[in-house]
Amino acid sequence: MADLLVEFFTWAFGVTLVPWFATLLGIVVGILAIVLPLLIAVAMSVYMDRKVWAGMQMRRGPNVVGPWGLMQSFADGLKLFLKETIIPASANKFIFLLAPALTFILALVGWAVIPFGDGVVLANLNVGILYLFAMSSLGVYGIILSGWASNSRYAFLGALRSSAQMVSYEVSIGFVLVTVLMCAGSLNLSEIVLAQKNAFMGVNGYWFTPLFPMLIVFFISALAETNRPPFDLPEAESEIVAGYQIEYSSMAFALFFLGEYANIILMCAMTSILFLGGWLPPVDWEPLYIIPGWIWFFGKIIFMFFVFAWVKATVPRYRYDQLMRLGWKVFLPLSLLWVVLTGLFLLLTDKIPA
Amino acid sequence: MIYTFCFYLFATVTVFSGIMVISSRNPVHSVLYLILAFFNSAGLFVMLGAEFVAMILVIVYVGAVAVLFIFVVMMLDIDYSEMRKGFQKYLPIGGLIGFLLLAELALVGMGWGLSGGVVTDPATAIPALTEMSNTEALGSLLYTKYVFLFQMAGLILLVAMIGAIVLTHRKRPGVKKQNINKQVMHRRSDAYEIVKVKPGQGI
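Top to bottom, those sequences are chains A and B.
Residue numbers for the first sequence follow the working numbering, so the first one is 1 and each next one is one higher.
Residue numbers for the second sequence follow the working numbering, so the first one is 1 and each next one is one higher.
For the record, the hints were derived by calculation from the structure and aren't laboratory data.
Each residue gets a CB set at the ideal place from its N, CA and C atoms; glycine is no exception.
Please note that the accuracy of each hint is not assured.
When the alpha-carbon atoms are kept at most 30 angstroms apart in a straight line, the in silico DSSO-like pairs for lysine-lysine are as follows [claimed, not checked]:
hint, chain 1, residue 1, chain 2, residue 2
1, A, Lys329, B, Lys182
2, A, Lys93, A, Lys79
3, A, Lys329, B, Lys171
4, B, Lys182, B, Lys171
Pair by pair, the computed Cβ-Cβ distance ranges are [to be verified]:
hint, chain 1, residue 1, chain 2, residue 2, range
5, B, Tyr146, A, Thr349, 24 to 32 angstroms
6, A, Val120, B, Met47, 22 to 30 angstroms
7, B, Arg188, A, Met324, 25 to 33 angstroms
8, A, Ser250, B, Ala103, 51 to 59 angstroms
9, A, Arg60, B, Ala191, 38 to 46 angstroms
10, B, Gln183, A, Val311, 19 to 27 angstroms
11, B, Leu157, A, Leu344, 20 to 28 angstroms
12, A, Glu239, B, Thr4, 49 to 57 angstroms
13, A, Asp118, B, Ala11, 31 to 39 angstroms
14, B, Arg25, A, Asp118, 51 to 59 angstroms
15, A, Trp310, B, Ala191, 24 to 32 angstroms
16, B, Leu76, A, Thr85, 27 to 35 angstroms
17, B, Val72, A, Trp285, 53 to 61 angstroms
18, B, Gln183, A, Ala54, 28 to 36 angstroms
Please construct the entire structure, taking both the sequences and the accompanying hints into account.
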């Protein structure tokens, strides 16, 4: 990227860039190239979400603003932008405003390590998957801090529920990651994707192997991590009136909303990288490779997002003790057992990746 | 230049937030500064090339341990004047412990500096970063040379965990509990039956 920029500047303006400035500029351009489409994708995913629910409930969904209601999300964004920001008198002002910003930033920084194609990645970290895991586990702070700083009982209850829930489900996500990276033999996301090429019987991706149950565990834990129904207890509107979001208005609320959806898309991207073979086509058949990798990748993300919306439209909310039981007594033993089984299988069949 | 700048940035913020952990009035702010200190230490680890340790620091300490800290601290109802009461009384012993820790740190730092800033007698040769990623290097050391100690550490943690559960777990009599298996296995036919009642006869 930096070399390209140096070349471009000498060609266009006749100036030679200093190396460190070129590197810096390259990074900034890379960030913008990811964040701007991501924000538009977030807006469109809200629209898609609403359309999918509407379809499943035999309604029309948003169809007034713009053609087929496509501009609905932008109209909502504009409305939120023009509203007044209200800060409760007894709130801790700094942390109150820090929390939504934190949620939003953490939802964006995870995208730095997502590979969109072979070598098309902003930061090709050796420990990319750990970085993603770390960033998704930090997401809980936005919610805890907002709940505490609001100085409101409902918000506080939401924060407590959410912190317990997210910490619980991180455990099973961690073990699922371990099974995948034992099979792939790397912590680098690009290498994990490449390891899934022709994983079993010509199908790209681990979903067609005995890792399939882990895909289900990962997906359900991802629902819990992103506070999506049926695990949306932190913001259960019928019990604690939107939980941690209750005191927020205007852009502060919008940041929570955007962060939530950016996180959901990130989780979809993670699922497609870990199990569905990332930018690889679904089956290992030469003509399919003509279609660019990012189209396959985006297709997989959109598919996973559809499943997220599908779950929300059809499944009722869990009770809190059931949620905890599912996390600790079902998923934890199951994923731990799968780690042991995968290790044994790799050892006995001598398939441990070098 | 950027490297030096980053180092001083991370180091300064770490030290500053370390001081703020013990000096800020609000315990929640203390925990937040602690998190900031963890984060900047992770940054320092990354600059040393220890990316695996840095990520694990963030995942374990910031993502799990500090969440529990903040979880507990948020629910505390603290009287600040009460907390400051014994300050004079505890100052000497606190100061002594602080001084001891500082002296030890200074000794370690001086010893390290005098030996030229390198570990002179490492247990095994440290492979270069180009040769082996440091996750692999750590794993090949932990699971071969130190496998016994590593497993021992794991066992000690397990024992501590079971101990904590045993100590705090109590069986209260007379509490109604749900049997999930029973609920799941419950069938419609167990709950009711359809009876055809002829008019004027009753059941």
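Hint by hint, which ones does the structure fall short of? Violated hints: none; all satisfied.
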